[in-house]
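In order, the protein sequences belong to chains Z, P and B.
Each residue of the first sequence is one higher than the last, beginning at 1402 in my numbering.
Each residue of the second sequence is one higher than the last, beginning at 415 in my numbering.
Each residue of the third sequence is one higher than the last, beginning at 171 in my numbering.
Simulated from the structure, these hints should not be mistaken for lab results.
Some hints here could point you the wrong way.
[To be verified] Distance windows between CB atoms, simulated: (1) Z:L1530 / P:L604: 36 to 44 Å; (2) B:S372 / P:L611: 51 to 59 Å; (3) P:F592 / Z:A1513: 55 to 63 Å.
All C-beta atoms in this analysis are idealised placements derived from N, C-alpha and C, irrespective of residue type, glycine included.
Residue-level listing of the chains:
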Amino acid sequence: MSALLKLTGVETYIGRYHILQGVDFEVPEGQTTMLLGRNGAGKTTTLRTIMGLWEAKSGSISLAGEPIEKLSTPDIAQRGVGYVPESMAVFSDLTVKENLVLAARNGPLDDAQLAWIFGFFPALKKFWLSRAGSLSGGQKQMLSIARAIVEPRKLLLIDEPTKGLAPAIVMSLIECLKEIKRRGATILLVEQNFHAARELGDQVLVMDNGTIVHRGEMAALAADVPLQERLLGLSLEAHQ
Amino acid sequence: MSEIVATDALPKPKRDIAPLLLPLVLALLMIPLVGSPSSWVTLTVASLAMGMMIFIMASGLTLVFGLMDVLNFGHGAFIAVGAYVATLVLLPLASWAQADSLLINLAVLVPAALLSMGVTGALGLVVERVLVLPVYGQHLKQILMTTGGLIVAEQTLYALFGPQIIPMPLPAALRGSFILGDVAISKYRLLALLIGLVIFVAIELVLNRTKIGLLIRAGVENREMVEALGYRIRRLFLGVFMTGSALAGLGGVMWGLYREQVHASIGDELTVLVFIVVIIGGLGSITGCFIGAILVAMVANYGGFLVPKLALVSNILLMVAVLMWRPRGLYAVTSR
Amino acid sequence: MMILSGDPPRSRALSILLVVILLALLATPFVFPGAKALNVAAKICIFAALVASYDLLLGYTGSVSFAHTMFYGIGSYAIAIALYGLGPSWTSVAVAVVAGLPLALLLALAIGLFSLRVEAIFFAMITLAVASAFLVLASQLSWLTGGEDGRSFQLPELLRPGTVFIGKEWFGFPINGRILTYYLVLSACALMVLALLRVVNSPFGRVLQAIRENRFRAEALGYRTVFHLTYANCIAAMVAACAGMLNALWLRYAGPDTSLAFSIMLDILLMVVIGGMGTIYGAVIGAAIFILAQNYLQALMSIASTAASEAGLPLLPGLLHPDRWLLWLGLLFIASVYFFPTGVVGRLRGKPAAKH
Ligand SMILES: Nc1ncnc2c1ncn2[C@@H]1O[C@H](COP(=O)(O)OP(=O)(O)OP(=O)(O)O)[C@@H](O)[C@H]1O
Ligand SMILES: [Mg+2]
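All chains should be modelled from the sequences, with the hints used to inform the complete structure.
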């Protein structure tokens, strides 16, 4: 299995703080890779660095074999990376439709793709012409994900999509992500919810203090409870 | 794409209309204070006309700030340059401007305005590249650099055009007033009002109906996400900066004609007004800027009529009052 | 090192420069006799203190205020109005201090608290608006301030040039009230600069720097940033007002052009940037360089301008005219923000450029 995304020795500073201290991992094509870790471990920083929103001081990031660590954010996006940030970052002053129109960079919205999206996010159809700012948190999350998949992307970076959502919505979100997976998408997914991680992940990475401390198959980690406890602490157990 | 029908729209969020009513209420409150109805009409039209001119000057500044967090303290320079450049056309062709035919007047006025906008737009390009881009993201340096730019622009104007006041007479066809009963409405003010409205509507249309407009609105709210969607926001910003500079130039021409004279200090004088407008309106909001401009002009005109000595101070009071009510301005757009 | 509050210049060249400036200022009345040199020296002293107080805001809290001249003006006008209205006595001076300082303090407090209620980004714009309103106010309340003409007044007996302490026979010129005034100005300004050095090196000053680096983090660490910023504003305003008082005493005059004009604000900004922000010492260096240049370079410009016009060059005579001094200043300003963001002091100390 070839790696679509590869990070080697990535170091990121935010101001004077040394946040990523040499991050190495690969995201195999066509699979979902989970990025787990405690609060403040550096997961969001990793995604932002890949996206070019923070500058990587050293190390290299390659997408489909080409280096991208020196590219600007728009260039990285145009190479086919979709990003769903932790804050969702929907444009609240714009309508749902306008949010998606902007996300569809290559022209008008595609009906078939929209129908597919509405299939698992009916709320977006319902509120098509409402201001995104008036959506509920879960609906905003759906919109944010919809923006990333409204056109086919090589790689999706998704940051904690289940954060703060009700269990029922988490379930439907998991279904949706599985559906996206089935279409052959490659996903790097940050998740605190171990249940969701187990459902979705093929591969797993665990981060702590700005480095990767574990990498392997999700199934293996899911089966090895002592290892989970050692890596992630008990807080994640509670989610099971 | 087929039109998708919203099956069940959310209850429409209440439109925030309180700020929209503010100028109206203020104008009505002034009727008894001003006393004579004809003075009131004159003052109100004057306020609206002046408000439109200030709006034209301020609109670019508010978008530039909203979009890129750039504080341009040199915005006033574009106003001054715009006014001076227009004199380059208007003075040599003074005989056309004073001819007794609206067409001939316009034949000199329109090119003058277009030239001013062209020059200030180009100047905007230079300023953005030389003064703003190198210190992008650093407020302190931005303020210092653009303040420096303002000084340089102003002094260059002095050096090129001399320190004296340059007269800039109104074209013949725009002099005088329409008389309705005992109310006189100056033609030029009416024209200014019209131009301001047209520009306001045009900006609103662009912002709401075009993809570029959507990008600007989205960028004002969250520019990182616009970039993460694959758009080069810097280029967009440059476009907005140049447009804003050109509009400031147009505003300068209109202001020069309104005062019928030009002086390099026009930039300083209007910078303060424009800042107050942008603050009152809420950084990044065109609607807020529009209302703010009218409010500032009303306070200046009614205030100037009722308590002449306190014209500028009354603007400060207005600003304080508005910010006490809404600390982020009438319409806060940015989430930053 | 007590007197420097444990914050020495940290560079041999800088120390030498500072000592030279100080010695020159101390010796001016004896070494460079003549009214012009004394005026320049007094102005350097006053601006060193004024700029140092501005540095407390700009360099240590990172907030850009355009209202600093307002406080300077309040000080100037307090002295002028009191001495003009109540006559040239020490009581009048005391009245000016007792009325002027609290007024400056109150205004600083009001601006500070108001600005803190609104977005931080508004601060520069609000101060600009308030300062311009104050300027208009000062020139319109002519019954009080003398309007555009300002107020000239008499100094108390002791400070007048006519009061001679030591006759001509000793130094070839008399030691009179004027020279006493000069040393009064010099020592008061030196005290203020040292006091500011103490402030920025106190725990309070370190909190200010933490706020400048990352306001969010400072707040998270439990500092009440609101309180600290307002406090810094008040200190800066008081020092500026004191500098304004000395300025009025020295000039025996206060008017819009000498104490409130926007161009003074620009001068202050330039001096801070040239000298080096966030160092206090930079204020002394910046003031010295700038005021010397202002007083002696303009003459050079005038010569160059005449030469250019005699040579029949286009445009240049206009650009080099001494009145266009500000043009070159503006260019210098942009260049120094761009190329020497750490100013002379930063250069001499050879530290890596600060990021903010
Ligand atoms: N803008 C910033 N300025 C300073 N420090 C930051 C900034 N953003 C993140 N950090 C720091 O970087 C570290 C890693 O943060 P990051 O957001 O990557 O963690 P995370 O793994 O995503 O955590 P969480 O699970 O809470 O989202 C944290 O210590 C955080 O305090
Ligand atoms: Mg995170």
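Could you work out which of the previously given hints the structure breaks and list their numbers from low to high? Violated hints: none at all, because every hint is consistent with the structure.
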